[in-house]
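Engineer: Just so you know, the protein sequences line up as chains A and B, in that order.
Sequential numbering of the first sequence, starting at 1, is according to my numbering.
Sequential numbering of the second sequence, starting at 1, is according to my numbering.
Worth flagging that the hints you see were computed from the coordinates, not collected in a lab.
Zero decoy hints are in this set.
Derived lysine to any residue pairs resembling SDA-like cross-links, with alpha carbons at most 20 Å apart:
no., chain 1, residue 1, chain 2, residue 2
1, B, K164, A, G69
2, B, K117, A, L87
3, B, K164, A, D89
4, B, K164, A, D67
5, B, K117, A, A83
6, B, K117, A, E80
7, B, K117, A, V86
8, B, K117, A, G69
9, B, K117, A, D67
10, B, K117, A, R82
11, B, K164, A, L68
12, B, K117, A, R76
13, B, K54, B, R91
14, B, K117, A, D81
15, B, K117, B, R91
16, A, K124, A, V101
17, B, K117, A, V85
18, B, K164, A, R76
19, A, K124, A, E94
20, A, K124, A, L20
21, B, K117, A, L68
22, B, K164, B, A34
23, B, K164, A, P91
24, B, K117, A, D89
25, B, K117, A, I79
Some chain B residues well away from chain A (every beta-carbon gap over 12 Å; in silico):
no., residue
26, A11
27, D22
28, H23
29, R29
30, E48
31, A52
32, A53
33, P55
34, D61
35, Q137
36, T141
37, S142
38, L151
Glycine residues also receive a C-beta, built at the ideal position from the N, C-alpha and C atoms.
This is what each chain is made of:
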Amino acid sequence: MVGIVLISHSAGLAEEAVALAVGIAGEDAPIRPAGGTDDGDLGTSLTKLEEAVAEVDQGDGVVVIMDLGSAVLTARTFIEDRADVVLADAPFVEGAINALVTAGTGAALDEVVAAAEEARTIGKLC
Amino acid sequence: MDTAFFLRWIAVVTERVRADRDHLTDLDRAIGDADHGANLDRGFTAVEEALAAKPPETPADVLTTTGTTLIRKVGGASGPLYGTLFRTLGRSVGDVPEVSREELAEAFAQALAAVMKLGSAQEGDKTMIDALAPAVQEMRTSFDAAARAALDGARATTPLRARKGRASYLGDRSIGHQDPGATSMALMIDALRAA
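Make a model of the complete structure from these sequences and hints.
Structural biologist: Encoded structure:
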């Protein structure tokens with residue numbers, strides 16, 4: 001199974017986004033939050049991202065979904081030497097749910113990334 | 001320039017970041033999220049501890065330890081950006097006991113490219129690149145020229161409209177404020193003169 005990590009400036013937001021995704025998409029694939037700094041403040045932590053990726057990594061690759069700002073920069077720094085971890089350019093909540101549904105079917109890494117990114121193109125009022 | 005030079009440089013940066021902490025945070029309060037001075041101070045305090053805990057043996061050691069610590073400890077966007085700058089400098093100067101100004105200038109050119117790529121930023125976006133890019137141009141001439149270019153570049157961000165980060169959400173309201181990242185970048189380049 002492909003694993004999924006949600007990295008956000010807010011620990012609470014990342015945890016609740018994981019809870020929402022699991023509530024809707026189920027727990028067939030692993031997903032973990034990496035929110036806030038090491039001290040629990042607003043910001044992002046490379047250490048938390050590394051730990052979350054290690055927890056969801058089953059050998060089939062990991063998709064990381066970021067909110068904004070330093071989450072993107074921390075994630076980009078992390079993948080410099082990790083070819084098996086891919087960043088999805090996707091909306092945080094909708095991308096997470098799409099990715100988790102797809103990963104739960106046993107889909108490959110590139111399919112899970114594509115599913116997350118497809119969430120960008122789906123309108124809410126049309 | 002030997003290991004001691006680079007240790008002095010980082011020490012001067014640490015001292016000035018601490019002294020300018022509130023000023024940097026005030027600049028960031030105007031157009032950002034009011035944490036730039038505090039974040040950098042936390043990061044460089046951790047750098048100071050890391051360099052004291054395991055004294056580096058080469059210039060590259062100093063630069064790489066600084067970069068890796070900033071990436072881990074800053075918590076804001078400036079952590080990965082400055083972390084990448086210092087790590088790229090370290091990788092570029094290589095495992096040698098002394099670095100010439102020409103070699104450091106080349107390392108800074110590579111670091112500029114790495115930071116621009118990481119942040120997807122160009123000159124004129126009202127970011128640290130606006131201080132770093134002109135400094136890199138002048139570094140082969142002298143550290144004095146590089147420092148002047150960086151300080152001028154930082155001041156020249158005031159009339160710009162931000163195109164990256166939180167400040168970009170403000171649109172035209174970002175105009176009229178000097179960019180905090182360009183300001184801290186100029187501080188770091190200027191510190192080379194005092195090292």
